[in-house]
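Trainee: Those protein sequence lines, which keep their order, are chains A and B.
Per the numbering used here, the first sequence starts with residue -3, numbered consecutively.
Per the numbering used here, the second sequence starts with residue 109, numbered consecutively.
There's no promise every hint is true.
Some residues of chain B that are not near chain A, with every Cβ distance over 12 angstroms (derived) [said to hold, decoys possible]:
| hint | residue |
| --- | --- |
| 1 | His183 |
| 2 | Phe185 |
| 3 | Tyr192 |
| 4 | Ala304 |
| 5 | Arg318 |
| 6 | Leu353 |
Computed list of lysine-lysine pairs in DSS-like fashion (alpha-carbon distance at most 30 angstroms, straight line) [claimed, not checked]:
| hint | chain 1 | residue 1 | chain 2 | residue 2 |
| --- | --- | --- | --- | --- |
| 7 | A | Lys176 | B | Lys264 |
| 8 | B | Lys176 | A | Lys282 |
| 9 | A | Lys54 | A | Lys70 |
| 10 | B | Lys241 | A | Lys3 |
| 11 | B | Lys237 | A | Lys6 |
| 12 | B | Lys237 | A | Lys3 |
| 13 | B | Lys176 | A | Lys50 |
| 14 | B | Lys241 | A | Lys208 |
| 15 | A | Lys54 | B | Lys237 |
| 16 | B | Lys241 | A | Lys10 |
| 17 | B | Lys264 | A | Lys250 |
| 18 | A | Lys176 | B | Lys237 |
| 19 | A | Lys250 | A | Lys282 |
| 20 | B | Lys176 | A | Lys135 |
Simulated DEER-style distance windows between Cβ atoms [as the list claims (entries may be wrong)]:
| hint | chain 1 | residue 1 | chain 2 | residue 2 | range |
| --- | --- | --- | --- | --- | --- |
| 21 | B | Thr311 | A | Val271 | 25 to 35 angstroms |
| 22 | A | Arg0 | B | Pro322 | 40 to 50 angstroms |
| 23 | B | Leu152 | A | Pro125 | 27 to 37 angstroms |
Treat the hints as calculated values from the structure; they're not laboratory data.
Beta carbons are placed, not taken as given, at the ideal position from N, Cα and C, and that holds for glycine.
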Amino acid sequence: MRSREAKNTKFAYKVNLPLMVFLGAVLVFPLVWGICMSFTNKMIGGDARFTGLKNYEKLIGDPEYRRSIVNTVKFTALSIAVKCVLGMFMALALNQSFRGRNAVRALLMIPWTLPNIVVVYNWRWIFSPSGGIANHILKSLHLIDRDLVWFGSAGLALFTVVVANVWRGTPFFGVSILAKLQTISKDYYEAADIDGASLFQKFRYITFPEVKDVTVLSALMSTIWTINEFETIYLLTGGGPNGATEVMNVYSYKTAMRSMMLGRGIAVAVLAMPVLMLLIGLLTRKMLPEEK
Amino acid sequence: MMTRKRENMQGKERKKAKGHKRRKQGNKIRMTEAIGRTYIVISLFVSLFPVYWMINTSFKTEYEIYAKTPTLYPHTFSLEAYRYLLKETNFMHSMQNSLIVAVVVSVFSILIAYPVAYTLARLAFRGRKVFSKAVLFMYLLPTSVLYIPLYMLLAKLHLTNTIWGLAVIYPTFTLPYISWILIPHIADISRELEEAAEVDGCTKLQTMYRIVFPLALPGIVSTMIFTFAMCWGEYLYALVNLTSLEEQTFPVVISGLIFGDMPPWNQLMAAAVLAGIPIIIVYTLASGTLVGGKTAGGVKG
């Protein structure tokens, strides 16, 4: 038995070597190098000189940076909450049996399959101040009487980026939760019906405990992606108006690529690391159940 | 809680309760169904209307897109936006660039990552736990943490501003993704065939490629489609690393089409249609045919 494990080990390392070498060179090495660079004044095209914690001090002292963190938290919290609720509804509705269910499921997945850039421009056009359909629809429903300037006020601009993110992200929650829902035995619901349980009670005592784990898992994963969202905001509002929707990564991009301060740009990512590590740690524990 | 109640309610009592509650229950079920259907209809509208609007806009003239009242269908059907996009801009070339990068990276990644998924799904070996943790960690690590270090790496290698630079760095997200996502697909395959093959004298390497690979093919193909889609639409790395028009992939070229207060939305939407619809079609076809499949019937009774 032991020799078998030794043989397995040898085989596993042999076939896994290409991946380890490649990711060691292209992922681990640059990451470590980058973290070191965050302690220097590295500029695009310039040499790096050690400056200690100066990048970090500058960042924490910069009100624009602090605002970008607040914006990231707002954007992420709102998006995740809405995606969770809508994804849950989507899963519950798709869990009922009806004709054409598979087709409907495939159609509802479309937003998730589209390239993000396509999605973002689509919404930018829908919310466009001239020719945009959003204002037209709201006006025909008599919900507003004057055109809204969607990208012109802080609240509305945040609304548009959340809409674009939620529109594309909800199907992920929907199908993840649906997969779990389909494993719940119908017997539970029949028994609950006999007992005269209400719709809400059935959800609260049967459905929810079953799907809680997968919902938390999806929410954690989606949180990592949403905290690090860049193009949705960069291409929809550009962080505006006046930085009202400028999230962490838009700030980092502007610092690193426009102001050319690479070291400080990485420092933004390094400062976010503790939160990311916490989320990744939680996820790892959930996704890798203790073995043997 | 409900299960305990259910156990208490047996036989006669249960039948009686069923009779009493039946009518009320029927109403309730119909109500639930009605709510579910309504929600489905609303979500279908919300999910599909923007896609329809994109297609609709792409066939309009520049004059019509800025009409006072937006039109629900193109009153003057026009291919002008497509003609301009294909003839006067770099869009077609950029789609070709995206295609090359996405195909090269997907194929390369599956070749390198398949053995990893196989060993993690099947073999007990020393360091397996650490290794699977590392793969998961890299899978979850967001691109935004890496984009500056990777830019510095490509600058050092003199690979900025070529699509081959992207081909070097895209595997940083595709490799961990494939290694992780394929594990359950491989774990679901029955071990019996492998054991039989080993009895017949197959080496581990042969079993891995000749026996398990074909059986895992449905999972591999759908994983590859997702990998392809990830590379196809990637924006941040491409934006940071590609500056010359010749080398840019389509997301960067599309974002360059926006200028001024009145952007040519019909062209932008035409670009969105050309870049988005193929992905939708491939995905939809794949999700229909690839579910279930080959593993059934591999091992008799």
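Trainee: Take the hints in turn and mark each one as holding or not.
Mentor: Now for the hints, and whether the structure bears them out:
Non-interface status of His183(B) relative to chain A is upheld: no Cβ of that chain comes within 12 angstroms, the nearest being about 14 angstroms off. The Cβ of Phe185(B) sits about 18 angstroms from the closest Cβ of chain A, beyond the 12 angstroms cut-off, so the non-interface label holds. With 12 angstroms as the threshold on Cβ separation, the claim that Tyr192(B) sits away from chain A holds: the shortest Cβ distance comes to roughly 16 angstroms. Distance check for Ala304(B) against chain A: the nearest CB is about 17 angstroms away, which clears 12 angstroms, and the non-interface claim stands.
Non-interface call for Arg318(B) relative to chain A: holds, since the shortest CB-CB distance, roughly 14 angstroms, exceeds 12 angstroms. Distance to chain A confirms Leu353(B) as a non-interface residue, since its nearest Cβ pair spans about 17 angstroms, more than 12 angstroms. For the suggested pair Lys176(A) and Lys264(B), the alpha carbons sit about 47 angstroms apart, so the restraint of at most 30 angstroms is broken. Restraint check for Lys176(B) and Lys282(A): not satisfied, since their Cα atoms lie roughly 53 angstroms apart, outside the 30 angstroms limit.
Of the supplied pair hints, the one linking Lys54(A) and Lys70(A) holds, its CA atoms being roughly 23 angstroms apart against a limit of 30 angstroms. Restraint check for Lys241(B) and Lys3(A): satisfied, since their Cα atoms lie roughly 22 angstroms apart, inside the 30 angstroms limit. Distance check on the hinted pair: Lys237(B) and Lys6(A) sit about 16 angstroms apart at the alpha-carbon level, within 30 angstroms; holds. With a CA separation close to 17 angstroms, the supplied pair Lys237(B) and Lys3(A) stays within the 30 angstroms bound.
The straight-line distance between the Cα atoms of Lys176(B) and Lys50(A) is roughly 54 angstroms, outside the 30 angstroms bound, and the hint therefore fails. A threshold of 30 angstroms between alpha carbons decides the hint, and for Lys241(B) with Lys208(A) the separation of about 23 angstroms falls inside it, so the pair holds. For a cut-off of 30 angstroms, the pair hint linking Lys54(A) to Lys237(B) is broken: about 40 angstroms separates their Cα positions. With a CA separation close to 19 angstroms, the supplied pair Lys241(B) and Lys10(A) stays within the 30 angstroms bound.
Between Lys264(B) and Lys250(A), the direct Cα distance comes to roughly 22 angstroms. Compliance with the 30 angstroms bound is thereby established for this hinted pair. Of the supplied pair hints, the one linking Lys176(A) and Lys237(B) holds, its CA atoms being roughly 26 angstroms apart against a limit of 30 angstroms. At roughly 35 angstroms between alpha-carbon atoms, Lys250(A) and Lys282(A) are farther apart than 30 angstroms, so this suggested pair is violated. Distance restraint check for Lys176(B) and Lys135(A): the Cα-Cα separation of roughly 13 angstroms lies within the 30 angstroms cut-off, and the hinted pair is therefore satisfied.
For the hinted restraint 25 to 35 angstroms between Thr311(B) and Val271(A), the CB-CB distance of approximately 46 angstroms leaves it violated. For Arg0(A) and Pro322(B), the Cβ-Cβ distance of about 25 angstroms falls outside the hinted range of 40 to 50 angstroms, so the restraint is violated. For Leu152(B) and Pro125(A), the hinted distance range of 27 to 37 angstroms is satisfied, since their beta carbons lie about 28 angstroms from each other.
Consistency with the previously given hints fails for numbers 7, 8, 13, 15, 19, 21, 22, ordered from lowest to highest.
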